[in-house]
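K.L.:
Below are the chains, spelled out letter by letter.
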Amino acid sequence: MVTTFSKVVRAIASLTLVAALALHSTAADAQTKSQEGRDKGVYIPTIWVDPDGCEHWVMDDGAEGYMTPHTTRQGIPVCRRGNVCGVMNSDQFFATNSYRIHKSGKARLAEFFQTTDAVSYIITGHTDSRASDAYNMRLSYNRANAVAAVAVANGASIADVRGYGERQPTAANSSASGMAKNRRVEIICIR
Amino acid sequence: MIKTKIIIATAFAFGLTACGDLEGGGIGSDKSTDGGIDKKHLSQLQAGIWVDPNGCDHWIIDDGVEGYLSARLDKYGKPVCSGVAPPNHTVGDFKAGSNIPDPN
Numbered sequence: 001m002v003t004t005f006s007k008v009v010r011a012i013a014s015l016t017l018v019a020a021l022a023l024h025s026t027a028a029d030a031q032t033k034s035q036e037g038r039d040k041g042v043y044i045p046t047i048w049v050d051p052d053g054c055e056h057w058v059m060d061d062g063a064e065g066y067m068t069p070h071t072t073r074q075g076i077p078v079c080r081r082g083n084v085c086g087v088m089n090s091d092q093f094f095a096t097n098s099y100r101i102h103k104s105g106k107a108r109l110a111e112f113f114q115t116t117d118a119v120s121y122i123i124t125g126h127t128d129s130r131a132s133d134a135y136n137m138r139l140s141y142n143r144a145n146a147v148a149a150v151a152v153a154n155g156a157s158i159a160d161v162r163g164y165g166e167r168q169p170t171a172a173n174s175s176a177s178g179m180a181k182n183r184r185v186e187i188i189c190i191r
Numbered sequence: 001m002i003k004t005k006i007i008i009a010t011a012f013a014f015g016l017t018a019c020g021d022l023e024g025g026g027i028g029s030d031k032s033t034d035g036g037i038d039k040k041h042l043s044q045l046q047a048g049i050w051v052d053p054n055g056c057d058h059w060i061i062d063d064g065v066e067g068y069l070s071a072r073l074d075k076y077g078k079p080v081c082s083g084v085a086p087p088n089h090t091v092g093d094f095k096a097g098s099n100i101p102d103p104n
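Line by line, the protein sequences give chains A and Y.
My numbering puts the first sequence at residues 1 to 191.
My numbering puts the second sequence at residues 1 to 104.
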């Protein structure tokens, strides 16, 4: 409830800011030669979607082209689909507080990396919100590294390995099933 | 030879500006279309990969007279450094979207 409220407040604040900026730009046109054209220096972009499915702002100014990633104000790319190609439920691969992968888990992972045809992989570890943030950052990183080691042993190439601890939940930590969903290792396939 | 190509490219560039003028593409504030010889909505651009000197990927598009470059990011907003090619190399047919040649 509180978060919904703060989201609404934030949305209103950013809209107000956008409106204020819009007013400012009309009031201040022709500040330089660059605003003296027929477009008055107002550049309205469109969206180009990259092969990963993520959006970019793009503009053609007649003889120049411009492009930049479409991200949220938090710096997260806006994408129409993701390239997460595997989500490992940690409970099936690791004992509680351990980053050693079971033998059967290793076999499953080996098969995954041998049959998935990607240029490289980004491995990210995640936990639920129990225990300290620092502990979870370490555990999730160790688990991601354990997965990356299996990938490398099976000929895959690794672009990056990260531990996000409890900071990137996909579900609320208020229920057992939510926490189980958050305990995971994500594999991103770069094609 | 190179000189001829430069002249051709320049001619195309002027041609495009002229077409743009007639069609209004790229002249007003709406920058969403290429109004030149190779006219299209910009959602149709065809990209390849350019690997920067640090080894990270960018989408590169040569659309005739316009060039575009934009970072390839993962879902967390971090650069994707896939190792698809060595630094400074390109991958994919990023010039396929236009027939306007480069003086290169």
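One or more hints might be untrue.
So the derived list for chain A, only partly shown, Cβ under 10 Å to chain Y, looks like this [what the hints assert, rightly or not]: (1) TYR43; (2) HIS56; (3) TRP57; (4) GLY75; (5) ASN83; (6) VAL87; (7) THR115; (8) ASP117; (9) ILE122; (10) VAL150; (11) ILE190.
It is worth saying that the hints were derived from the structure and are not from the lab.
Computed from a prediction, not measured in an experiment: that's the story for all the values here.
For every residue, glycine included, the Cβ atom is placed at its ideal position computed from N, Cα and C.
K.L.:
Taking the hints in turn, state whether each one holds.
P.N.:
Hints versus structure:
Taking 10 Å as the C-beta cut-off, the interface hint given for TYR43 of chain A holds, the closest approach to chain Y being about 5 Å. Restraint check, HIS56 of chain A versus chain Y: the minimum CB separation of about 5 Å is within 10 Å; hint holds. Restraint check, TRP57 of chain A versus chain Y: the minimum CB separation of about 8 Å is within 10 Å; hint holds. A hinted interface residue such as GLY75 of chain A counts as satisfied when its beta carbon comes closer than 10 Å to some beta carbon of chain Y; here the least separation is about 4 Å, so the hint holds.
With a cut of 10 Å, the hint placing ASN83 of chain A at the interface with chain Y holds, because the nearest CB-to-CB distance is about 8 Å. A hinted interface residue such as VAL87 of chain A counts as satisfied when its beta carbon comes closer than 10 Å to some beta carbon of chain Y; here the least separation is about 12 Å, so the hint is violated. Because the closest C-beta pair between THR115 of chain A and chain Y is about 19 Å apart, greater than 10 Å, the hint is violated. Among the interface hints, the one on ASP117 of chain A is violated; its C-beta lies about 13 Å from the nearest C-beta in chain Y, farther than the 10 Å criterion.
Restraint check, ILE122 of chain A versus chain Y: the minimum CB separation of about 6 Å is within 10 Å; hint holds. A cut of 10 Å between beta carbons decides the hint on VAL150 of chain A: the least distance to chain Y is about 18 Å, and the hint is violated. For ILE190 of chain A, the shortest C-beta to C-beta distance to chain Y is roughly 4 Å, which falls under 10 Å, so the interface hint holds.
Hint compliance for this structure: hints 6, 7, 8, 10 are not met, and every other hint is.
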